[in-house]
Amino acid sequence: MKNWRHNAYVFFLVAPAFVILIGVVIYPFLYNIVLSLSNMSLAHIRDWKIIGFQQYTKIFTEPSQPDFYVVFLKTIIWTVVNLFFHVVIGVSLALVLNQKEIRGKAMFRTLLVLPWAVPQLIVALTWRGMFNYEYGSINLILTQWFGMHPIAWLKSPLEAFIAVIITNVWLGFPFMMVIALGALQSIPHDLYEAAEIDGASWYHKLKNITIPLIRPVMVPAITLGTIWTFNNLNIVWLVSNAGEPSDQTHLMVSFVYKAAFNFYRYGYGAALSMVIFVVLLVFSLVFMRKTKATEAVY
Amino acid sequence: MNNDKSKKIARISASYIVLIIFSLIALFPVVQVFTISLRPADRLLSTSLEIIPKDASLNTYKILFTERPFFLWLMNSTLIAVVVTLTGVALASTAGYGFSRFRFVGKKLGLLSLLVTQMFPATMLLLPMYIMLVKLHLINTYLGIIIMYSATALPFCIWQMKGYYDTIPMSLEEAGRIDGCNQFQTFYKIIFPLAAPALVITALFSFMSAWTEYVVAAQILQDTDLWTLPLGLKSFEANMGSEWGLYGAASVIVMIPVVLLFLSLSKWLVSGLTMGSVKG
Numbered sequence: 004m005k006n007w008r009h010n011a012y013v014f015f016l017v018a019p020a021f022v023i024l025i026g027v028v029i030y031p032f033l034y035n036i037v038l039s040l041s042n043m044s045l046a047h048i049r050d051w052k053i054i055g056f057q058q059y060t061k062i063f064t065e066p067s068q069p070d071f072y073v074v075f076l077k078t079i080i081w082t083v084v085n086l087f088f089h090v091v092i093g094v095s096l097a098l099v100l101n102q103k104e105i106r107g108k109a110m111f112r113t114l115l116v117l118p119w120a121v122p123q124l125i126v127a128l129t130w131r132g133m134f135n136y137e138y139g140s141i142n143l144i145l146t147q148w149f150g151m152h153p154i155a156w157l158k159s160p161l162e163a164f165i166a167v168i169i170t171n172v173w174l175g176f177p178f179m180m181v182i183a184l185g186a187l188q189s190i191p192h193d194l195y196e197a198a199e200i201d202g203a204s205w206y207h208k209l210k211n212i213t214i215p216l217i218r219p220v221m222v223p224a225i226t227l228g229t230i231w232t233f234n235n236l237n238i239v240w241l242v243s244n245a246g247e248p249s250d251q252t253h254l255m256v257s258f259v260y261k262a263a264f265n266f267y268r269y270g271y272g273a274a275l276s277m278v279i280f281v282v283l284l285v286f287s288l289v290f291m292r293k294t295k296a297t298e299a300v301y
Numbered sequence: 375m376n377n378d379k380s381k382k383i384a385r386i387s388a389s390y391i392v393l394i395i396f397s398l399i400a401l402f403p404v405v406q407v408f409t410i411s412l413r414p415a416d417r418l419l420s421t422s423l424e425i426i427p428k429d430a431s432l433n434t435y436k437i438l439f440t441e442r443p444f445f446l447w448l449m450n451s452t453l454i455a456v457v458v459t460l461t462g463v464a465l466a467s468t469a470g471y472g473f474s475r476f477r478f479v480g481k482k483l484g485l486l487s488l489l490v491t492q493m494f495p496a497t498m499l500l501l502p503m504y505i506m507l508v509k510l511h512l513i514n515t516y517l518g519i520i521i522m523y524s525a526t527a528l529p530f531c532i533w534q535m536k537g538y539y540d541t542i543p544m545s546l547e548e549a550g551r552i553d554g555c556n557q558f559q560t561f562y563k564i565i566f567p568l569a570a571p572a573l574v575i576t577a578l579f580s581f582m583s584a585w586t587e588y589v590v591a592a593q594i595l596q597d598t599d600l601w602t603l604p605l606g607l608k609s610f611e612a613n614m615g616s617e618w619g620l621y622g623a624a625s626v627i628v629m630i631p632v633v634l635l636f637l638s639l640s641k642w643l644v645s646g647l648t649m650g651s652v653k654g
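Chains as they are written, first to last, in the numbering used here: chain W, 4 to 301; chain P, 375 to 654.
These are computed hints drawn from the structure, not numbers from a lab. Using N, Cα and C, we set each Cβ at its ideal position, and we do this for glycine too. One or more hints might be untrue.
[What the hints assert, rightly or not] Covered stretches of chain W, as calculated for chain P (at least 3 residues, CB under 8 Å):
#1 10-16
#2 111-122
[As the list claims (entries may be wrong)] Computed list of lysine-lysine pairs in DSS-like fashion (alpha-carbon distance at most 25 Å, straight line):
#3 W:Lys103 - P:Lys608
#4 P:Lys381 - W:Lys108
#5 W:Lys261 - W:Lys77
#6 W:Lys293 - W:Lys210
#7 W:Lys158 - P:Lys608
[Claimed, not checked] Which chain W residues stay away from chain P? Per the calculated CB distances, all over 10 Å, these:
#8 Val27
#9 Leu40
#10 His47
#11 Ile54
#12 Phe56
#13 Ile62
#14 Pro66
#15 Ser67
#16 Phe75
#17 Leu100
#18 Ser140
#19 Gln147
#20 Pro160
#21 Pro191
#22 Leu241
#23 Val289
When you get a sec, could you build the whole thing from the sequences and use the hints?
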């Protein structure tokens, strides 16, 4: 009797979790695989059939507008540049903020976390307004304060790409700062005191104490940050207004989104989603393994 | 010694300069939104950089509520966000507990699949679920959007809750059992209150994502009467010439609750996030 009740209780707790998992993760995932092997599109929404790997070969061999390989390369550049600035700015600010002589820590911390707190939709649309050629405050500052020529931010592919990156750097550094700050606070203070007695320089302390000790926390944060940045649809979609000018600003995610929801190429979109997923999965596995391997050296 | 002291002063002043510059950069776009919302209608597109514009007025806020369906969108968003939050908290708190405390078939695979969802591009779940909603005739309904939001937020919430339950010692439940609580009572009387910080984060996360989401809503809600705030915001932004002020005012109203919530809870958010990721 007691055993029966225990099992019923476990079932009661675990069953919803399983139903959810199957409903929102496993089923859509499997369905996505099936879609990627099919010819489903708006024209073939009822009478679709399995066509094998044709969608995948299409991705890699058929010329598309914009070109798949260009989009892929741009996404890599986008991710690397963003992560570089997120980590460098975030960790530097955390180091500055963590000095014991600094007053008003709580105030600075609150102000610096602000970009993370503002909804991404508003971030993207407001920056889009700020990049406006005539009335945007970026050009107004450039011309009125620095006497430069205004830049046509959203009109040409390269400038638009830079504009999207600037927006996302602004958005992303607080996350790294907050994580680094948490890690810095857990480093015991006597380590630094001991190093000072030994006459260690600022650089040596950073290299031999700070960086190794915040590493274990930063590595998962960087992995997560890479995945989020690679997959961030909001910023690129909204700042470039769905790929303007003329679909030249796409990253992988916005490229898929456009294929699926604006051109109704469901099979093709599903296959592209799979490609992105595999790229991220491989990256995460390799990155985590590599960094763990080097961690053992310390 | 004197040299050391001046070096220190230089270091501290440099630090303050860095902090002030970055704080201003962080603050600037937020201030922009306020400035835009205060501009009088005839000077929406201005080339001045003043923070409080000349003849500032609150007129845009009035127009928002009297001449636009903004109040309706506010109600829609509130309803959807509240239902998504309640669903998220109820399901994630029990499912997370199950994953943390019991051994059962498929547990490892289940946890792994929750983690792997973080690597799904948005379209990976969106597209199959969208087609599913089309087939179930749930496009253009609240139920459709609520299912969509709960589904995309849940994996992260369950993982978060599971990570937090893991830090609560098992001995507490055993103690509760000895004091005569049954299993369900130990859960909701002892463990559930202890997990409050993680519950707050889960609630905040679900609420914020439902309150500010645009891309999914744009696919599912086509009828203006069903629109949520982000859809309204985007429609104002699209007419930058004439409705830029309304965009500013609407953004201020959408932004204030989430920014305040976020800032007041950011301490918990960080401990929850790092715990989840470090343990993961």
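Here's how the hints hold up against the structure:
With 3 residues carrying a beta carbon less than 8 Å from a beta carbon of chain P, the segment 10-16 of chain W meets the three-residue requirement, and the given coverage holds. Look at the segment 111-122 of chain W against chain P: 11 of its residues bring a Cβ nearer than 8 Å to a Cβ of that chain, three or more, so the hint holds. About 44 Å separates the Cα atoms of lysine 103 of chain W and lysine 608 of chain P, which puts this hinted pair outside 25 Å; it is violated. About 22 Å separates the Cα atoms of lysine 381 of chain P and lysine 108 of chain W, which keeps this hinted pair within 25 Å; it holds.
Distance check on the hinted pair: lysine 261 of chain W and lysine 77 of chain W sit about 17 Å apart at the alpha-carbon level, within 25 Å; holds. Among the hinted pairs, lysine 293 of chain W with lysine 210 of chain W is consistent with the structure: their alpha-carbon atoms are about 20 Å apart, no more than 25 Å. Taken as a hint, the lysine 158 of chain W and lysine 608 of chain P pair is honoured in the structure, with Cα atoms around 20 Å apart against an allowance of 25 Å. Not every CB of chain P lies more than 10 Å from the CB of valine 27 of chain W, the least distance being 4 Å, so the non-interface label is violated.
The claim that leucine 40 of chain W is not at the interface with chain P holds, since no C-beta of that chain comes within 10 Å of its own (minimum 13 Å). Non-interface status of histidine 47 of chain W relative to chain P is upheld: no Cβ of that chain comes within 10 Å, the nearest being about 12 Å off. Listed as outside the interface, isoleucine 54 of chain W is consistent with that label: its C-beta sits roughly 17 Å from the nearest C-beta of chain P, beyond the 10 Å cut-off. With a cut of 10 Å on Cβ distances, phenylalanine 56 of chain W stays outside the contact zone with chain P, its closest approach being about 18 Å.
Separation of isoleucine 62 of chain W from chain P is adequate, the least Cβ-Cβ distance of about 14 Å exceeding the 10 Å criterion. Distance check on proline 66 of chain W: its Cβ is at least 22 Å (rounded) from any Cβ of chain P, clearing the 10 Å threshold; non-interface status holds. Every Cβ of chain P is farther than 10 Å from the Cβ of serine 67 of chain W; the closest lies at roughly 16 Å, confirming the non-interface assignment. Separation of phenylalanine 75 of chain W from chain P is adequate, the least Cβ-Cβ distance of about 13 Å exceeding the 10 Å criterion.
With a minimum CB-CB distance of about 7 Å to chain P, leucine 100 of chain W fails to clear the 10 Å threshold, and the non-interface call is violated. With a least beta-carbon separation of about 6 Å from chain P, serine 140 of chain W fails to lie farther than 10 Å from that chain, contradicting its non-interface assignment. Residue placement check: glutamine 147 of chain W does not keep its beta carbon more than 10 Å from all beta carbons of chain P (closest about 7 Å). Distance check for proline 160 of chain W against chain P: the nearest CB is about 21 Å away, which clears 10 Å, and the non-interface claim stands.
Under the 10 Å C-beta cut-off, the non-interface status given to proline 191 of chain W relative to chain P holds; the minimum distance is some 18 Å. Some Cβ of chain P comes within 10 Å of the Cβ of leucine 241 of chain W; the nearest lies about 7 Å off, and the non-interface call is violated. Its beta-carbon lying about 13 Å from the closest one in chain P, valine 289 of chain W satisfies the requirement of being farther than 10 Å from that chain.
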